[in-house]
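A.B. asks: Protein sequences, first through last, are from chains A and B. Sequential numbering of the first sequence, starting at 1, is according to the working numbering. Sequential numbering of the second sequence, starting at 1, is according to the working numbering.
Careful, some of the hints might be misleading.
[To be verified] Covered stretches of chain A (chain B as the covering partner; in silico rule of three or more C-beta atoms under 8 Å from a C-beta of chain B):
1) 14-25
2) 73-82
3) 97-103
[What the hints assert, rightly or not] Using 30 Å as the maximum straight-line C-alpha spacing, the simulated DSSO-like pairs for lysine-lysine come out as follows:
4) A:105 with B:155
5) A:76 with B:155
6) A:76 with A:105
[As the list claims (entries may be wrong)] Not close to chain A: a few residues of chain B, all C-beta gaps over 10 Å, as computed:
7) 85
8) 90
9) 114
10) 251
11) 258
These are calculated hints, taken from the structure and not from any lab test. For each residue, glycine too, the CB sits at the ideal point set by N, CA and C.
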Amino acid sequence: MLNVDMLEVAHGSVTALRGVSIEVRTNEIVAIIGANGAGKSTLLWTISGVYRPRSGEIEFEGSRIDGQRPEAISRKGIALVPEGRHVFASLTVRENLEMSRAVHKRRGTHDWNRDLELISERFPVLAERAHSPAGQLSGGEQQQLVIGRAMLARPRLLLLDEPSLGLAPKVVEGVFAVLAELREEGVTVVLVEQAAALAVDLADRTYLLRNGQVEVSGTRQELLSRTDFVSAYFGEAS
Amino acid sequence: MTQHVVDALSAGSLDALLALGIALVFGVMHLVNFAHGELIMVGSYVILSFAGLPWPITVLLAVFSVAGTALLMERVAFRPVRHASPTTMLVTSFAVSILLQSLAVIVAGRRPKGTSFGAGLSRPVVIAGTRVALVDIVSIAVAAVLVGLLVLFLKRTWTGVAMRGAAEDFTMARLLGVDANLVIAAAFIMSGVLAAAAAVLLVAQTGTVSPTMGLQPVLIGFVATVIGGIGTLAGAAVGGFVLGVVTVVLQEALPLSTRGYRDAFVFGFVILVLLVRPGGLFGSRALEERV
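All chains should be built: construct the whole structure from the sequences, respecting the hints.
C.D. replies: Here it is in structure tokens:
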């Protein structure tokens with residue numbers, strides 16, 4: 001579904017990604033883990049079209065998307081939920097959801113109101129607080145809002161950047177449960193996480209980034225068989 | 001007394017329109033468009049040229065030509081530098097401003113020209129037993145209607161909601177599929193409509209048109225957005241209104257000998273406001289955090 005090939009991305013003179021290649025197959029959850037500054041977020045922002053790669057290729061469902069504008073990429077069916085949630089704080093919850101309508105307007109195919117109902121069933125708080133400014137929601141509620149907002153664009157590939165950051169463990173469980181549900185429904189997910197244990201458990205495959213390069217990749221079993229990986233990333237937790 | 005109140009409200013209304021025109025574009029592009037004054041100038045020359053037609057047609061011509069000029073300005077001058085530094089965009093706006101002024105000098109000459117457009121509005125009407133100028137009442141009404149329509153647009157239409165979202169977090173809006181070009185073009189068109197309205201009111205009030213007539217209004221509009229808290233539309237409207245009212249109040253309240261220094265007092269007031277609230281009356285947190 002998604003093929004990233006030898007991707008190089010630089011912020012000014014600092015190279016953030018050096019020859020990163022990853023593959024995401026349809027209906028998988030792929031986790032990308034690594035320390036702060038390893039290049040995880042840069043990878044997602046580049047796939048989404050916000051950063052332009054210096055070299056390398058990104059292919060989505062058979063066509064090149066690198067170098068395209070973010071709005072064009074989102075219309076092709078890729079949605080990014082960035083770190084820090086990025087709700088439109090002064091807009092109401094309902095207006096935040098309305099922002100996703102851009103994609104529908106272009107495709108002109110979906111029944112918007114039906115989609116809105118489905119999202120409200122999954123995240124009841126979005127219906128309850130439809131007319132509150134999004135900035136007044138709690139962190140967990142905001143996370144539900146941004147995932148719901150991304151889902152309204154009916155993406156085939158959902159990119160999530162640190163969805164667990166700053167949330168209580170109970171709330172994080174809820175978020176991850178939703179991701180598992182989405183996989184059942186046919187959505188492919190790329191999950192960037194510092195909470196490595198949770199992400200690796202959920203994911204079909206995991207990539208570990210270090211200093212802008214893929215250091216290890218594989219299924220949970222494959223990774224856990226490598227003692228260096230386990231000691232570095234699971235430490236006492238395992 | 002009634003006349004003074006109407007004067008103040010009228011000046012406040014006009015300044016609010018100026019400030020909103022600047023704030024709309026600033027919201028989505030983070031550009032202080034100093035060529036906004038030249039949009040007013042273009043509108044004024046259109047009014048001058050077609051003053052002989054029935055007034056609704058003259059006004060419509062002004063609105064369409066100014067909105068068109070604004071759109072063209074965005075497409076030709078600002079879109080190519082959209083990703084450049086704010087300084088580059090600011091310098092571009094000065095260049096566009098000077099270019100349009102020079103074009104006006106070449107086409108229409110340097111000297112101010114008079115027009116009888118809106119002369120009928122200078123007659124007084126009697127309100128509550130006092131005579132007030134009709135043009136002031138019209139200014140207040142026009143501003144109220146336009147602000148009302150703008151609020152409706154921003155709250156009730158999808159493009160309006162997308163503009164507010166984009167003003168808050170442009171990248172996130174694009175990630176959700178909102179077309180950057182659409183949002184920015186919409187902001188320029190609306191800013192053009194507000195500039196055309198300001199042109200109609202200015203020409204009706206003063207009866208003169210000149211290539212440099214946009215300089216004073218754009219400065220007032222800019223200062224008003226800063227007082228209100230740059231980046232918020234409500235702040236711009238209130239900032240403009242307050243600035244206009246303060247100007248008129250000082251005009252009336254200052255002793256005759258110091259009245260010539262009115263603007264010094266006006267800007268003294270501006271400095272005072274910013275000393276107390278550096279982010280402006282409706283200051284955004286983003287600005288305060290940066291200080």
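A.B. asks: Compare the structure with each hint and give your call.
C.D. replies: Now the hints, each set against the structure:
1. 14-25: Violated - the region 14-25 of chain A has 0 residues with a Cβ nearer than 8 Å to chain B, which falls short of three.
2. 73-82: Satisfied; 5 residues make the cut.
3. 97-103: It holds: at least three residues are needed, and the region 97-103 of chain A offers 6 whose Cβ sits within less than 8 Å of chain B.
4. A:105 with B:155: Within the cut-off at roughly 18 Å; holds.
5. A:76 with B:155: holds, 28 Å
6. A:76 with A:105: Since the Cα atoms of residue 76 of chain A and residue 105 of chain A sit roughly 13 Å apart, the hinted pair holds (cutoff 30 Å).
7. 85: holds, 13 Å
8. 90: Per Cβ check, residue 90 of chain B is outside 10 Å of chain A; nearest 22 Å; holds.
9. 114: Correct as stated: the minimum Cβ-Cβ distance to chain A is 46 Å, above 10 Å.
10. 251: holds, 36 Å
11. 258: The claim stands: residue 258 of chain B keeps its Cβ more than 10 Å from every Cβ of chain A (closest is about 42 Å).
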